[in-house]
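> One-letter residues, chain by chain:
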Amino acid sequence: MRQLRILFSLGIVWALIGQAAGAAAGLFLVRAIRAAANLPPSAEAELVIAAMFSVFGSLLFSGVLTDWLKWCVGIETPLRHGDPDGLPAWTRYFSVDYNHKVIGIQYGVTSIIVLLVGGILAIIFRLELSWPGEQFLTPESYNTIFSAHGIIMIASILLGVGAMVNYLVPMMIGASDMAFPRLNAFSYWIAIPSAILIMAGMVIGDGWETGWVGYPPLSTIDGSPLGTQLFILGFYFNGFSSIAGAINLLVTVMIMRAKGMSLWRMPIFVWAAIATSLIQFTATQTVGAAQLMVTTQRVLKLGFFDPTFSNGLGWPAGDPILYQHLFWFYSHPVVYVFVLPGLGIISELLPVYSRKPLFGYKWVALSSLGIALVGFLVWAHHMFTSGMADVLRIPFMLATLLVAIPTGVKFFSWVGTIWGGKVTFETPMLFVLGAISVFLIGGLTGPILGTIPTDLHLHDSYWVVGHFHATMFGGFVFPFFAAIYYWYPKITGHMYNERLGKIHFWLMTPGFWLMSLGQMQVGIWGMRRRIYDYDPALGIEFTHALITLSALIIGWSVLIMIYNLITSSRTERVAAINPWGSRSPEWQVPSPLPEFNYYRPFEVVGEPYDYGVPGSVYVRDVPAAGD
Amino acid sequence: MSAAATHHDQAHDHADEHGHAHVPTYLETLRANRLGLWLFCISEVFLFVALIVVRFALWGNTRPELDQALGLATTSVLLISSYFMVRAEVAIAHGDRDKFLNSLLVTFVLGVLFLVGVVGFEWGLFGITFGDHELLKPTDGAFGAVFFGMTGIHALHVVSGLFLILMVYINGRRGGYSTERHWGVEACAIYWHYVDVVWVFFYPILYLIGTPVH
Chain A
5 MRQLRILFSL GIVWALIGQA AGAAAGLFLV RAIRAAANLP PSAEAELVIA
55 AMFSVFGSLL FSGVLTDWLK WCVGIETPLR HGDPDGLPAW TRYFSVDYNH
105 KVIGIQYGVT SIIVLLVGGI LAIIFRLELS WPGEQFLTPE SYNTIFSAHG
155 IIMIASILLG VGAMVNYLVP MMIGASDMAF PRLNAFSYWI AIPSAILIMA
205 GMVIGDGWET GWVGYPPLST IDGSPLGTQL FILGFYFNGF SSIAGAINLL
255 VTVMIMRAKG MSLWRMPIFV WAAIATSLIQ FTATQTVGAA QLMVTTQRVL
305 KLGFFDPTFS NGLGWPAGDP ILYQHLFWFY SHPVVYVFVL PGLGIISELL
355 PVYSRKPLFG YKWVALSSLG IALVGFLVWA HHMFTSGMAD VLRIPFMLAT
405 LLVAIPTGVK FFSWVGTIWG GKVTFETPML FVLGAISVFL IGGLTGPILG
455 TIPTDLHLHD SYWVVGHFHA TMFGGFVFPF FAAIYYWYPK ITGHMYNERL
505 GKIHFWLMTP GFWLMSLGQM QVGIWGMRRR IYDYDPALGI EFTHALITLS
555 ALIIGWSVLI MIYNLITSSR TERVAAINPW GSRSPEWQVP SPLPEFNYYR
605 PFEVVGEPYD YGVPGSVYVR DVPAAGD
Chain B
154 MSAAATHHDQ AHDHADEHGH AHVPTYLETL RANRLGLWLF CISEVFLFVA
204 LIVVRFALWG NTRPELDQAL GLATTSVLLI SSYFMVRAEV AIAHGDRDKF
254 LNSLLVTFVL GVLFLVGVVG FEWGLFGITF GDHELLKPTD GAFGAVFFGM
304 TGIHALHVVS GLFLILMVYI NGRRGGYSTE RHWGVEACAI YWHYVDVVWV
354 FFYPILYLIG TPVH
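Chains as they are written, first to last, in the working numbering: chain A, 5 to 631; chain B, 154 to 367.
Chain B with its partners taken away, still in its complex shape (with noise of 0.2 Å):
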């Protein structure tokens, strides 16, 4: 009798005046945040489909004559890149923290390359040209629009993947995570990922299939 009375006050210690606070354990927090972060995910993947149908829907079984070799050096760049990414998240769930941020460094570094082809070259930022043909420009119809768009779209998210690994990369060195507790290394790394997939779309899709157009 006492005993379970003893019991009862114990369950009533846990609350206070504004109630029973459940307090989330740190696995009880990495799942939400997988969950929510995979949900972004799909959420996400309404845009890209949308901007795909678009491309569909406008250039039908056309395409622009865009430069096939920086396509190509793009589009490796971006995959080695994820390479390093899960070298660097390997390396922090071993707990070698050295090989974690060179990774980290080594991704960054190859995310910027990316971007200098894509933004710097494709979107003729320099004002060089490679092949015989002229630079695609935004105003040129629906191949202007729907390049622009989908390069433009994808080069955003890929511009917030840098700031994550940014972040990552200065938490990182600071110690901020550990082998069992490195949520943000993880998040960064799916998302990182996830631009990296949405690439390998959109890349057959701006320049493989169709006929090109001169």
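Bound-form chain A, shown alone (with noise of 0.2 Å):
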């Protein structure tokens, strides 16, 4: 009986009973209606507005919403915070919370169950290439897979760049928490339904067939799977927690720093932060805009990617490539959104195990506002084989031969932070070198695809494929576990199993290597993207096979890290206070932080990353009037 009232005070579980309630309401609602107006059934617009009255019922039933409703009519209502009364104190990380440090752990959790199921996803269809041939997956069955995997992985890292923002920001800059607590619940509990809808579409509606990107006319022709459809609105909808987390980050950055941290003595991975949230919180509502246009397309015939209108008076008709335009100008920008949090990450810990002051402290901070910056010139290197007018090209190449050069003052910057440093090899320190080497097979193969007569050949091949995976691993996943082990002393405070962390890193990163090189080796080969066969003649089957075997053993290593995370927070390895010996201040009081972060207010009298510097302090407690 106790367990079934804990069980339905969870806000998680009102979420999902919200959806389905939603989901139910929306449907029957478009049926009546149309019942009434004589209109015969559409399951297309049943399924949009149950779809998006699903979202909303989520929102409602988790109790996300509940302050503002009543802020509506004037209820005023205090911020709660604290273990929720009567309940477990666990149950607050199944249900709607204010804290920052809660809401990162939300966030982090839900990425890595994301990451499972995309990982999942993509075995199974590495499974299905390792031979030539049809194995066990029809070819639609393949592109709906391959799909998923791309929009549940793109999910995956969002899921986790939000868990490092919120969780590290506040922390670092010593705010008590973020500016609009509120809203970052929010940004958590819309992203929950619309992650539902992404997966849902791979069932319900036949799964979808156009990759992640949902290019025109495939996604809006007629006749194509209703899954399309359940896709395009989980993507719009996530957006709405990137907008808004992003705009929370950067109010918080502005007003709450703590005495003295001006701009130049923040921690590097609050830059990092900054530049992510400029570029989400901009460019996401582009992509929403072409989002809504394709739903507009398909259910009100709404003509915006529709190249055949014609009414012989000289009207104009749609074009395909616009969507193109629109879509890639958030979603190349996005891809700094996934990596910079991760090279701040980078930047963070490289100081602390090389025990060295950060190379070039102004430059790697303005590198990410640069790569943002860049960023937004350079997303039509992805359509040179599209057909776009001519006159784009040369440009478009060139702004993106750009992005090398702050990329470049990244790597300089770590190898001068390294070079001559007392450098220790704990996990966290492993993860970062190999993000470093991983990151640095994927820079160096992007000028070739961003070259444009290279590019007419490895467009569309796996040559692609191995490139972008190095960047999201060397970029995002390999920092965002790092970032795992370097704090997690600080989020349980236990200390992790570092003989399973070696572990973990030792299989996971020579496995990258085979992967992702053996992509780029069966790209050149002739082996194209998005197709669940290949003919054996081009030779490619033995290193398909190890591509394979490489994603397996990359699979379970993250299944160790998990292991490792669960069993070690109920072992007595008690962490000390800053393990790492990091100047930071978190790392400066015990651990786990209580809910507030500190005891006492800290200003910052110094340098951030003035290790080895004799004397230097970087914060200290705010001394009490009078003392």
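Just so you know, the hints here were simulated from the structure itself, not pulled from any lab data.
Note that the Cβ used here is the ideal one computed from N, Cα and C, for glycine as well.
Check the hints yourself; a few may be wrong.
One-sided and incomplete, this derived list gives chain B residues near chain A with beta-carbon spacing under 10 Å [to be verified]: (1) 177; (2) 178; (3) 200; (4) 203; (5) 297; (6) 323; (7) 333; (8) 343.
What follows is a list of derived Cβ distance ranges for each label pair [to be verified]: (9) B:181 with A:594: 40 to 50 Å; (10) A:39 with B:292: 19 to 29 Å; (11) A:456 with B:236: 50 to 60 Å; (12) B:181 with A:97: 43 to 53 Å; (13) B:249 with A:409: 53 to 63 Å; (14) A:117 with B:222: 51 to 61 Å; (15) B:250 with A:409: 52 to 62 Å.
Build the complex from these two chains, which are given one at a time in their own frames, with help from the hints.
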């Protein structure tokens, strides 16, 4: 009975109930209206309205809107904090909670769960690709699974970025929470129903075949699977999470920094978070517009992307290339949303384990902003073969190659930081070094794709797959894992198992090198993307088998990490206050941090990364008046 | 020595077992709210500019035949509504509650009139035409798609603005705002002006620029 009461106190349970109820309400509403108006039933319209209602239902039932709805009618609500009354403390992690650390953990755990789902999908189609010919997947289900792998991994990365930014930034700048705690919870709780919509698209309505890009005409043509529509709406609603989270973060950094923390004295990760948020809160709108246009074209027959229209009067028709412009105007910058926090983690952790100041702090800080800025000017390099206007090609090639400059600044800073340092190799540092090696592979293979003549040959080949997996793993996955291991003692108060951590690293890193380089090799030899079969005459069977094998190794290594994280929190290995000898403020106080992060406010009196500089101080407690 | 110790204890008084919570003052909250709202406005610029880009990409130097008198009328109504919104905000800042509420009501009515003009007449919900041209249909290729898309997204913002006005009106009647504390009114006003300014761009882009194609 008590278990049942606890179960039905959880926000996540109500979110799921609300989503189902909303979907049912939307479905019956459309049916009733269409029946009343004597219109034939339309599965498409039912699905769209049901999906929209389901997101709203989820938000309403989970309770994340409750305070705002009360404000609408003039009821003031105090911000709830602390453990829930009369319920076990763990339940707050499954319910709407306004503490940034709780929300950060919620983001992180959801990210890893979604990562596992995406990883399982990857392994399913990698097994299919181990041998030429059709094994156990039909071409249609192969299309659905690789498309879902793409968008689900992107959802996972966005959740992971949310985890790092939410957990770390207020702690690093000495704030007790984000500027808008309720909006923060909203950003998380809208990501849940949108992720569910995307996953539902795989099952309901025959999946979808468009890849994660959803290009028309494939996504808008009559008779394309209904799953496409669910994927597009899930994508769309996930954008709310990005925009709200980014605005929240920017305001937090602008006005809630500790005394003395000028912009040039912020931990470097905060700069990365700012650059990420600048992209997220602007570019997301354009892809949202594009997804709305696709939806209106599918449901209401608005011909944004339909070039076949003609009424004999010379009226203009739609243009499918336009979608690609709108889509990539978001989706190229968004890869920098994925990697900038990770690169920030690398810059954050390297000085700690090298015992040296971060080389060129200001340049590293500005390079994040530089990448974000240049990232807005390069989108059409995804479209060199799309048939867009020729005049756009050269400028976009040049702009694309410009990205190498701020990225190079980061690489040289990392080398300069390690150079001559007293380097130690704990698990987080290993993952940082792994990240640099993998990101280097991704970085060096990028200009070859950004250059038009080579891109014309490599476009839509497995080379591209190898390239972006290297950038995503080097820019996000490895640093994310480094961050998890690094802040694990801060989060739980326990030390993870170093031995298992090292096993994880030594399985995953060579596994990844093999996978990424293998993908590039089969790409050069003629393997195309997004297809379930290949010609054995290409001579790529062995490499394909190796890629599948390394994917399995990576999968197992991630399971080792999850095992490590779960078991270590139950052991007696209590972490020291500052196991890494960090100068960052959160490591100067015992773990885990209290509800509002610090018992006493601190002030910044020195440079953040002066490791090894005698007598240097970064933060100290604000002296009480009269001290 | 003892004085210093006392001060020290006082500093700890603000912290309980949850740690030191910085409870923001009204002005600090106001500053955060303003920043957040303006960032939201900047964010939305990208949505509206994307739509404008779509219009120029698809229509180029052409435009559909639209009813100029109706366009001018709806635009005027929306611009005048912004004046009454300013009047409402100034009134509450001066503590004149009746003027505040009346001005809000006028803004609301004008906003509804704008919607009637665009959604009711221009979209052809009432099926009434004024000129000799036929009403544009959503399925009329790029003309229909862009026109309905842009006015639709804008109308969605007008509807949400009207919802905000209604909310502020209800709370204002209950005395929820004072001379010093009326962030709700300010936020509603900024949003309403913002939606208005968007239309100032949309109107010429849809109704005036380009050669009409019959």
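> Would you mind marking each hint as holding or not holding in the structure?
Against the structure, the hints come out as follows:
no.	hint	result
1	177	9 Å, holds
2	178	12 Å, violated
3	200	4 Å, holds
4	203	4 Å, holds
5	297	7 Å, holds
6	323	7 Å, holds
7	333	16 Å, violated
8	343	15 Å, violated
9	B:181 with A:594: 40 to 50 Å	29 Å, violated
10	A:39 with B:292: 19 to 29 Å	23 Å, holds
11	A:456 with B:236: 50 to 60 Å	54 Å, holds
12	B:181 with A:97: 43 to 53 Å	29 Å, violated
13	B:249 with A:409: 53 to 63 Å	58 Å, holds
14	A:117 with B:222: 51 to 61 Å	58 Å, holds
15	B:250 with A:409: 52 to 62 Å	58 Å, holds
Figure legend: structure checked against the earlier numbered hints; hints not met, in rising order: 2, 7, 8, 9, 12.
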